[in-house]
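First to last, the protein sequences are chains A and B.
Numbering of the first sequence is given in my numbering, commencing with residue 1 and proceeding in unit increments.
Numbering of the second sequence is given in my numbering, commencing with residue 1 and proceeding in unit increments.
Keep in mind that the hints were calculated from the coordinates and are not lab data.
As the structure is a computational prediction, the values presented were derived from the model and not from experiment.
Idealized CB from N, CA, C, for every residue including glycine.
Warning: the hint list may mix true and false statements.
Here are the in silico distance ranges between beta carbons for each label pair [to be verified]:
id, chain 1, residue 1, chain 2, residue 2, range
1, B, 224, A, 46, 25 to 31 angstroms
2, A, 63, B, 86, 28 to 34 angstroms
3, B, 224, A, 95, 46 to 52 angstroms
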Amino acid sequence: MARLNDDAQWIVLMGFIVSFSLFFLGIVINQSTVVGQTTAEGVLEFPKNDILDIRSEVLQSSKITVAADFDDVKKDISSIALSRKNAIVSFRVTQAPPGSTYTKIIDIHYNNGVTAYNETTNY
Amino acid sequence: MRLCNNLERDERGVSEAIGFMLIFTLVIVGIGLVTLYGYPILLQTQTNADERIMEKNMIVLQNDIKSLTYKSVPYKETSLKVGGGFLTVYNTTFNPTPSFTIADLSGPITTFNPGQLQYESVSAQQIITIENGAVITRPMYETGSVMLAEPRWFSDTDPITSKTTSVIYLIGINSTEMMSQAGVGTVRMQLSETNYTEISTPANQVTVTYVPDPANNFSVAWHNYITNSLKWIENPPGTYKLPTTDTLVIKRYDIMIKGL
Chain A
1 MARLNDDAQW IVLMGFIVSF SLFFLGIVIN QSTVVGQTTA EGVLEFPKND
51 ILDIRSEVLQ SSKITVAADF DDVKKDISSI ALSRKNAIVS FRVTQAPPGS
101 TYTKIIDIHY NNGVTAYNET TNY
Chain B
1 MRLCNNLERD ERGVSEAIGF MLIFTLVIVG IGLVTLYGYP ILLQTQTNAD
51 ERIMEKNMIV LQNDIKSLTY KSVPYKETSL KVGGGFLTVY NTTFNPTPSF
101 TIADLSGPIT TFNPGQLQYE SVSAQQIITI ENGAVITRPM YETGSVMLAE
151 PRWFSDTDPI TSKTTSVIYL IGINSTEMMS QAGVGTVRMQ LSETNYTEIS
201 TPANQVTVTY VPDPANNFSV AWHNYITNSL KWIENPPGTY KLPTTDTLVI
251 KRYDIMIKGL
């Protein structure tokens, strides 16, 4: 009777192991294709330059002494911010109380639907 | 000891043919199992991956639209791969189409047809659409819908003047002709027309009415967005009441899809 030669059984075993590992590898690769498209959106959304621009304009316009002119400038800044930058902007300049180191108190309000920004500056 | 030796040496019950058959059967059963269960699972995962990639792609496209509208960028293009379905432009003149009507007590202010940039997944039977600046998904043959990314409607109460301003964006998707895409391609978009309406003292109560396309109904998503995120009140169904507002701003944009 021929003796059973079982020297090459590892080939069959390796076949099983390789095919099953390929199968699971396929699943893993399929899962990983969805990763890797996110952007740093939160950072991009923050309107830093818009706020800085508005702030600079407001601080400059606070030097206007004629009340009617100041109201015009205020309206213009609000309308331009709303139509161009899609942000609601309003501000108010009040005189600082007597004895204060500062001359004016400036309140700025900015809201573009995502970022709301409020500031009170002693100027 | 003698018994042991006998057991080791005696190979009268061992058959090479039976051993071969056993192993061969195992291999065949293995192949069969993988074909029967493994392959459909792989296909399903592929379909899911396609769908999730398209969800992200649609949000990327929405970001492009945000750049075009809120940031006044004139032109944007994005390359993307549309897998498992089609990306189609239904422009604002396509019929039937959903509509948004904004009205105050003195009558309708504007009626708007948003148009759609829509992905229809054939394999997953899912629809993902960009409608009026929002990314919405819904199953193809069932009711109900979910908003994946919200538009930017907002109300602002100014702490300085204590006045409330409500801003409603209407973003229309337009094209010169019906276009559709499958596979790798580039979506080219251009800002074509803007319209800006500011109503300083609207006759409160201001309402927004959404009339869905019955064949492509996203009313659940809009309902959830407006009543949960914006906290507006729905009465009657489909009509949403804004909180009392001092200034109503309606900004209308037209996005022209130049090519898919």
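Ascending list of hint numbers which this structure does not respect
2
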